[in-house]
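So you can see what is in the structure, the chains are spelled out below.
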Amino acid sequence: MTIDAEHWLELYGDILFRYSFRYVKDKLTAEDLVSETLLAGLKAQSSFAGQSTEQTWLIGILNNKIMDHFRKSKREVSFDEAAIISDNIDEDFTESGQDSGSWKPNRRPAEWMVDTDDPVEIKEFWLYLNNCIESLDIRLSMVFVLRELEEIDSKNICNALSISHTNLRVMLYRARKQLRLCLEKNWIKAMPDDKE
Amino acid sequence: MKEYKAMKSLMKIMNYVMPDCKEVAELASFSMDETLPLKKRAGLKLHIMMCKFCRRNYKQLYLIRKLIGQKLRSDDVIEAEADIHLSEESRQRISRVLISNDIDQS
Chain P
1 MTIDAEHWLE LYGDILFRYS FRYVKDKLTA EDLVSETLLA GLKAQSSFAG
51 QSTEQTWLIG ILNNKIMDHF RKSKREVSFD EAAIISDNID EDFTESGQDS
101 GSWKPNRRPA EWMVDTDDPV EIKEFWLYLN NCIESLDIRL SMVFVLRELE
151 EIDSKNICNA LSISHTNLRV MLYRARKQLR LCLEKNWIKA MPDDKE
Chain R
1 MKEYKAMKSL MKIMNYVMPD CKEVAELASF SMDETLPLKK RAGLKLHIMM
51 CKFCRRNYKQ LYLIRKLIGQ KLRSDDVIEA EADIHLSEES RQRISRVLIS
101 NDIDQS
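So the sequence lines, in the order shown, correspond to chains P and R.
Heads up, the first sequence is in the numbering used here, so the first residue is 1 and it goes up one at a time.
Heads up, the second sequence is in the numbering used here, so the first residue is 1 and it goes up one at a time.
Since the hints were made in silico from the structure, they are not lab data.
On a predicted model such as this, the values are computed, not experimentally measured, just so you know.
Cβ coordinates follow ideal geometry from the N, Cα and C atoms, glycine included.
Any given hint might turn out to be false.
Computed cross-link-like contacts, DSSO-like style, restricted to lysine-lysine with a CA-CA straight-line distance of at most 30 Å [what the hints assert, rightly or not]:
(1) R:K71 - P:K123
(2) R:K39 - P:K189
(3) P:K189 - P:K65
(4) R:K8 - P:K177
(5) R:K39 - P:K123
(6) P:K155 - R:K59
(7) R:K71 - P:K25
(8) R:K39 - P:K177
Computed list of chain R residues with no C-beta within reach of chain P, every gap over 10 Å [claimed, not checked]:
(9) Y4
(10) I13
(11) C21
(12) A25
(13) P37
(14) G43
(15) L46
(16) M50
(17) L63
(18) I64
(19) R65
(20) L67
(21) I94
Partner residues are not named here, just some residues of chain R that face chain P (Cβ under 8 Å, in silico) [to be verified]:
(22) V17
(23) M18
(24) E23
(25) R41
(26) I48
(27) R93
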């Protein structure tokens with residue numbers, strides 16, 4: 001039995017730990033959650049239906065552990081993606097009149113001057129990116145991290161987080177939109193040659 | 001006059017097929033995860049060609065992805081959360097937990 005878990009630790013230890021640490025922010029707690037995940041995985045092995053990869057199946061288990069951890073620590077977080085989805089007012093666009101569906105003047109994306117080869121700018125980007133991810137609702141942050149940082153495809157994320165494809169699209173849309181705006185307000189504005 | 005008429009009907013058709021900014025913003029995000037149907041793809045591209053703000057939005061979304069990807073595939077280690085991994089001690093600790101649990105059960 002442990003052979004599987006040892007194998008999982010070898011293969012998926014890093015991604016599980018990295019993901020866990022991002023949310024619990026403490027190495028030992030993150031490590032504990034990884035252990036718990038692998039143990040739970042062993043016990044639930046028969047329920048692994050092969051709909052997702054082993055990796056995303058384990059991430060799904062870990063995700064529940066992280067949520068439990070937050071519930072226990074009574075941190076105020078929203079877990080209900082239905083609440084995120086049902087709120088369908090898009091504050092970036094005008095809702096009525098001739099301009100219905102176009103950008104509100106104060107919401108229009110600004111021009112970004114980014115030198116993708118400048119290591120200093122890239123380093124800055126990561127700092128701001130991580131802060132911006134943290135400012136997201138936790139469910140939005142999870143879908144974004146899995147999709148863009150761990151590069152897991154939509155189907156597997158749906159399986160891991162038990163959400164529908166429709167909800168995932170909406171969540172990714174919202175996450176990206178909020179992140180883009182957050183980066184614009186903080187990272188881009190902080191650039192030295194912004195004034196020109 | 002002929003040209004003007006042709007232009008007018010062209011505009012009518014374009015308005016009909018062309019999604020508004022709100023839909024284009026959604027499509028931009030969807031396009032990052034799935035292949036859009038041809039009609040949606042065409043509407044997105046056409047709108048982006050003509051609308052500066054949507055073009056910026058679209059390019060910036062893909063830029064964010066590109067920058068993340070650059071980092072994930074680069075060897076130089078920046079102090080970012082993406083570099084966090086399990087230490088050897090952690091691995092051994094977890095391994096012991098797994099083994100002791102196995103003994104408990106048998």
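Results of checking the hints against the structure:
Taken as a hint, the K71 (chain R) and K123 (chain P) pair is honoured in the structure, with Cα atoms around 9 Å apart against an allowance of 30 Å. The straight-line distance between the Cα atoms of K39 (chain R) and K189 (chain P) is roughly 36 Å, outside the 30 Å bound, and the hint therefore fails. Annotation: proposed proximity of K189 (chain P) to K65 (chain P) is violated, straight-line Cα distance about 37 Å (limit 30 Å). Distance check on the hinted pair: K8 (chain R) and K177 (chain P) sit about 35 Å apart at the alpha-carbon level, beyond 30 Å; violated.
Among the hinted pairs, K39 (chain R) with K123 (chain P) is inconsistent with the structure: their alpha-carbon atoms are about 39 Å apart, more than 30 Å. The hinted pair formed by K155 (chain P) and K59 (chain R) meets the criterion: a straight-line CA distance of about 25 Å does not exceed 30 Å. For the hint linking K71 (chain R) to K25 (chain P), the alpha-carbon distance of about 21 Å falls within 30 Å, and the restraint holds. Under the criterion of a C-alpha separation no larger than 30 Å, the hint pairing K39 (chain R) with K177 (chain P) is consistent with the structure, at around 23 Å.
Distance to chain P confirms Y4 (chain R) as a non-interface residue, since its nearest Cβ pair spans about 22 Å, more than 10 Å. No Cβ of chain P approaches the Cβ of I13 (chain R) within 10 Å, the least distance being about 18 Å, so the stated non-interface status holds. A beta-carbon of chain P is positioned within 10 Å of the beta-carbon of C21 (chain R); the least distance is around 5 Å. Listed as outside the interface, A25 (chain R) is inconsistent with that label: its C-beta sits roughly 7 Å from the nearest C-beta of chain P, within the 10 Å cut-off.
At roughly 14 Å from the closest C-beta of chain P, the C-beta of P37 (chain R) stays outside 10 Å, upholding its exclusion from the interface. Annotated as non-interface, G43 (chain R) keeps its C-beta farther than 10 Å from every C-beta of chain P; the closest such distance is 13 Å. No Cβ of chain P approaches the Cβ of L46 (chain R) within 10 Å, the least distance being about 15 Å, so the stated non-interface status holds. Against the 10 Å criterion, M50 (chain R) stays outside the reach of chain P, whose nearest CB is about 12 Å from its own CB.
Chain P draws L63 (chain R) into its interface by the beta-carbon criterion, the shortest separation being 7 Å against a cut-off of 10 Å. Taking the minimum C-beta to C-beta distance to chain P, about 7 Å, the non-interface status of I64 (chain R) is violated against the 10 Å cut. Look at R65 (chain R): its CB is around 6 Å from the nearest CB on chain P, not clear of 10 Å, so calling it non-interface is violated. With a least CB separation of 5 Å from chain P, L67 (chain R) falls inside the 10 Å interface cut-off, contrary to its annotation.
For I94 (chain R), the requirement that its beta carbon stay farther than 10 Å from each beta carbon of chain P is not met, with the minimum near 5 Å. At about 14 Å, the closest approach between the beta carbon of V17 (chain R) and any beta carbon in chain P exceeds 8 Å, and the interface hint on this residue is violated. A distance limit of 8 Å between C-beta atoms decides the matter here; for M18 (chain R) the minimum to chain P is near 11 Å, and the interface restraint is violated. A distance limit of 8 Å between C-beta atoms decides the matter here; for E23 (chain R) the minimum to chain P is near 7 Å, and the interface restraint holds.
Against a cut-off of 8 Å between C-beta atoms, the interface hint on R41 (chain R) is violated, since the closest Cβ of chain P lies about 16 Å away. With a cut of 8 Å, the hint placing I48 (chain R) at the interface with chain P is violated, because the nearest CB-to-CB distance is about 12 Å. Annotation: R93 (chain R) was flagged as interfacial toward chain P, and the flag holds, the nearest CB pair being 7 Å apart, inside 8 Å.
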